[in-house]
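So the sequences go chain by chain: A and B. Take 3 as the starting number for the first sequence in this note's numbering and just add one per residue. Take 2 as the starting number for the second sequence in this note's numbering and just add one per residue.
In case anyone wonders, no lab produced these hints; they're calculated from the structure. On a predicted model such as this, the values are computed, not experimentally measured, just so you know. All C-beta atoms, glycine included, are put in the ideal place defined by N, C-alpha and C. Treat the hints loosely; a few may be bogus.
Claimed, not checked - Now the in silico label distances, taken between C-beta atoms and shown as ranges:
#1 Lys419/A x Ile68/B: 46 to 56 Å
#2 Val63/A x Ile68/B: 54 to 64 Å
#3 Arg102/A x Glu127/B: 50 to 60 Å
#4 Lys49/A x Lys293/B: 23 to 33 Å
#5 Glu286/A x Glu61/B: 34 to 44 Å
#6 Glu286/A x Asp243/B: 24 to 34 Å
#7 Pro96/B x Lys176/A: 50 to 60 Å
#8 Leu287/A x Ile68/B: 51 to 61 Å
#9 Asp166/B x Thr283/A: 19 to 29 Å
#10 Asp166/B x Glu184/A: 39 to 49 Å
#11 Leu287/A x Asp166/B: 31 to 41 Å
#12 Glu69/B x Thr283/A: 28 to 38 Å
Stated by the list, open to error - No farther apart than 30 Å at their CA atoms in a straight line, the calculated lysine-lysine pairs in the DSS-like style are these:
#13 Lys38/A x Lys126/B
#14 Lys281/A x Lys239/B
#15 Lys65/B x Lys49/A
#16 Lys126/B x Lys169/A
As the list claims (entries may be wrong) - Listed below are several chain A residues computed to face chain B (Cβ distance under 7 Å; list not exhaustive):
#17 Leu39
#18 Asp45
#19 Lys149
#20 Leu198
#21 Gly255
The residues making up each chain are set out below.
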Amino acid sequence: MIFEGLNEKFQNIFSQLKRKGKLNEKDIQAASREIKLALLEADVNFKVVKQFTKKISERAVGQEVLNSLTPGQQFIKIVNDELTSLLGGEIERMDFINGRPNVFMMVGLQGAGKTTTAGKVANLLRKEKKFKPLLVACDVYRPAAIKQLEILGEELNIDVYSEHDVKDPVGIAKRGLKKSEEGHYDLVIFDTAGRLQIDEALMEELVNIKKAILPTEILLTVDAMTGQESVNVANEFNRLLEITGVILTKLDGDTRGGAALSITYTTGKSIKYIGTGEKLTDIELFYPDRMASRILGMGDVLSFIDKAQSMMDEETSKKLEEKIRNQEFDLNDFLDQIKQIESMGSMNSLLEMIPGANKKALKNVDLSGADTKRTEAIILSMTKEERHKPGMINAGRRKRIAFGSGTKVADVNRLLKGFEQSKKMMKQMSNPNLAKKGRMKLPFM
Amino acid sequence: MELSLYERMRNKLIKTKDNFKEKIENVMYLGNFDDDFFEELEETLILTDLGAESAMKITEQLRKKIIETHAKTKEEVMGFLKDILTDMVSVEGKPQTTPMIMMVVGVNGVGKTTTIAKLASRYKKEGKKVMVAAGDTFRAAATEQLEEWSKRVGVEIIKSTKGADPSSVVFDAIGAAKARKTDILICDTAGRLHNKVNLMKELEKISRIVNREGDGFNIHNLMVLDATTGQNALNQAKVFHDCVEISGIVLTKLDGTSKGGIAISIIDEMQIPIEYVGIGEKQEDLIEFDPKKFVDLLFE
Ligand SMILES: Nc1nc2c(ncn2[C@@H]2O[C@H](COP(=O)(O)OP(=O)(O)OP(=O)(O)O)[C@@H](O)[C@H]2O)c(=O)[nH]1
Ligand SMILES: [Mg+2]
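Extracted from the complex, chain A is given alone in its bound form (with noise of 0.2 Å):
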């Protein structure tokens, strides 16, 4: 996971930030590069890359590094918010005009997924807004293009204008129109054959289209998998067509999609919907912080740091820290820790995020979730004593207690490790330094 390697960064870089408090602009211009390179490994658009790490910077200078979060953290958040802004600042939904027909046109690159998202939104908006959706059928030069769009019509029981053996896209786009409204269509989609942006003859066309229907919506379809083109490609269907949105296709697949920033960046055209497979139901309402997270290859870690702040409050903590430190941390407020993480999804993944956190020392403690529900039938099994004291626990206590919880010995012997190993971890953690800085939030800490 990028995340790891992001966050392991940022620890080495802001090592001794805690101390000083503030971020101050050798850290953060450290970090402006790591994030940089992460934005690139993205494909975002270098000179987006440029003006955003700017952008970050002048707002990282000098902030407060909240005590809940470490420096790393704290930074990371920025970058999120002001990436989840970014891509989400203007989104608006699309607007549907009832009484006159919602007249879309797709267009972009060839082999960008026009056609069968052509289909994806006419079914979805069917089955939401109960439209009565017409697809046309302009794509006159890729072979069986019209074929294409028909079929999907049937498989979907949409209706499909086409014309077969006629090359005049405009023309069709025409026919296609008129029919719409003869037949009392809410919803007309017109696909459109994929192009060059720098194609001049086939922009014009796309012109001439836009003059015949004066669609409400001229959607961008854009592969999620672009690299640096994607600003020129944008910016160039913009000038011309002057889009009204985007729609990123193929985002099932494992890229990172930073051609969602750089589209947005440069057009302020919001991303309306994504596809996320082959399938015609395949498509999805685009969120702005779950891309933000994708692009930074942090997955759902952003959320985890929330949540843990929510979850512990100042008093708990404080408790536990206490604890920690004079070393009554047991196996009572172990289980505790452990069921409260389990709340809150995957517990490797939470406690990688752990400040200081040692990779390998963690590969020790193994607290996967399907270990939860053992873990805690073995702590039950045990007196109160044990808990307290787990130093107790002989070989013949630990019988006693895997038969209790019907497990194994071997399994009594490694959560008693583990539980261990994770008491060590948390002492060297909660050094003398740190904790009079202030109190860590964080489970485990």
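Mind docking chain B with the ligands on chain A? Use the hints.
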């Protein structure tokens, strides 16, 4: 013929306003190779989709070379840069002996079917007996698309119905190719994202059939890459290669503004050659890849 095609490609590339060469020229204009110079070079390289890591690697190599040789002129430095890049993309390809079976793979929409039409047309012109197999039984009208191409190009097609097992189409095609003494059989496959385990398994199965039935054929798996693709292309190439052992790459859509820089990183890392380059939507818009010319074109 080949040259005029390159000229066409060059013209198409030059059409793009801020082309590579112009930028490098600008970067080098002042003739002093300081940090700013290297930074801008890095930026220029990254904008070709080569990836930050490769860009830094190349820049570092160039920096060393300049220090070593005390190079002073723009021409010298340009020469070094070209050498470094040419070295990176020079990989020996697999000999294309016939009879041959080509399986064409790649993610959705990269240009597989069109490339097959272009290849078929090319080999046919060379006097080869060519057959195509409609192995994409999944996407709507995929078979019709290849069928239309096969008519235009004038080659035989083996096909089945939508939803049929692609392996069986390929199996039938190999049988037909043997019976009719075909020189080159080119099999289309459905586009699939490399992280879909089931779809990759299906591809593996098709490949197994090809290897088993294609006894006596030179088996050549081509991966099609869209030049517009960013860093994800490297993942794609790796996973597809693990699945079916790719022996060559076709880089499509180079007639657009994208430079296809990611291909450089892919060749460098995986040592799989690019064999052809797609520069348009017509049958004849396919040219043989030549590392030197490719790099030259980047700087033209
Ligand atoms: N400009 C340009 N367009 C190309 C090139 N190669 C293919 N295309 C276009 O890209 C689009 C997709 O091509 P296909 O051949 O259908 O791609 P595919 O990989 O078979 O697609 P799926 O089977 O749907 O995965 C078509 O509109 C082609 O005309 C190229 O070199 N340049
Ligand atoms: Mg195809």
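The hints, checked one at a time:
Between lysine 419/A and isoleucine 68/B the beta carbon distance is about 54 Å. The supplied range of 46 to 56 Å therefore holds. Look at valine 63/A against isoleucine 68/B: about 35 Å separates their beta carbons, and that is not inside 54 to 64 Å. A hinted range of 50 to 60 Å for the beta carbons of arginine 102/A and glutamate 127/B is consistent with their spacing of about 57 Å. Range check, lysine 49/A to lysine 293/B: Cβ separation about 30 Å, and the 23 to 33 Å hint holds.
Under the hint 34 to 44 Å, the C-beta atoms of glutamate 286/A and glutamate 61/B, about 42 Å apart, fit the expected range. Checked against the hint of 24 to 34 Å, the pair glutamate 286/A and aspartate 243/B passes, with Cβ atoms roughly 30 Å apart. Roughly 54 Å separates the CB atoms of proline 96/B and lysine 176/A, a value that falls within the hinted 50 to 60 Å. A C-beta distance of roughly 54 Å is found between leucine 287/A and isoleucine 68/B, which places it inside the suggested range of 51 to 61 Å.
For aspartate 166/B paired with threonine 283/A, a C-beta distance near 24 Å keeps the hint of 19 to 29 Å intact. Checked against the hint of 39 to 49 Å, the C-beta distance between aspartate 166/B and glutamate 184/A comes to roughly 43 Å, which is consistent with it. Between leucine 287/A and aspartate 166/B the beta carbon distance is about 36 Å. The supplied range of 31 to 41 Å therefore holds. For glutamate 69/B paired with threonine 283/A, a C-beta distance near 60 Å fails the hint of 28 to 38 Å.
Of the supplied pair hints, the one linking lysine 38/A and lysine 126/B is violated, its CA atoms being roughly 49 Å apart against a limit of 30 Å. Distance restraint check for lysine 281/A and lysine 239/B: the Cα-Cα separation of roughly 25 Å lies within the 30 Å cut-off, and the hinted pair is therefore satisfied. With a CA separation close to 27 Å, the supplied pair lysine 65/B and lysine 49/A stays within the 30 Å bound. Distance check on the hinted pair: lysine 126/B and lysine 169/A sit about 28 Å apart at the alpha-carbon level, within 30 Å; holds.
The beta carbon of leucine 39/A is positioned within 7 Å of a beta carbon in chain B (closest approach about 5 Å), and the interface hint is therefore held. Because the closest C-beta pair between aspartate 45/A and chain B is about 3 Å apart, less than 7 Å, the hint holds. A cut of 7 Å between beta carbons decides the hint on lysine 149/A: the least distance to chain B is about 4 Å, and the hint holds. With 7 Å as the threshold, the beta carbon of leucine 198/A comes within range of chain B, its nearest partner Cβ sitting at about 5 Å, so the hint holds.
Because the closest C-beta pair between glycine 255/A and chain B is about 4 Å apart, less than 7 Å, the hint holds.
Of the hints listed earlier, those the structure fails to meet are numbers 2, 12, 13, in rising order.
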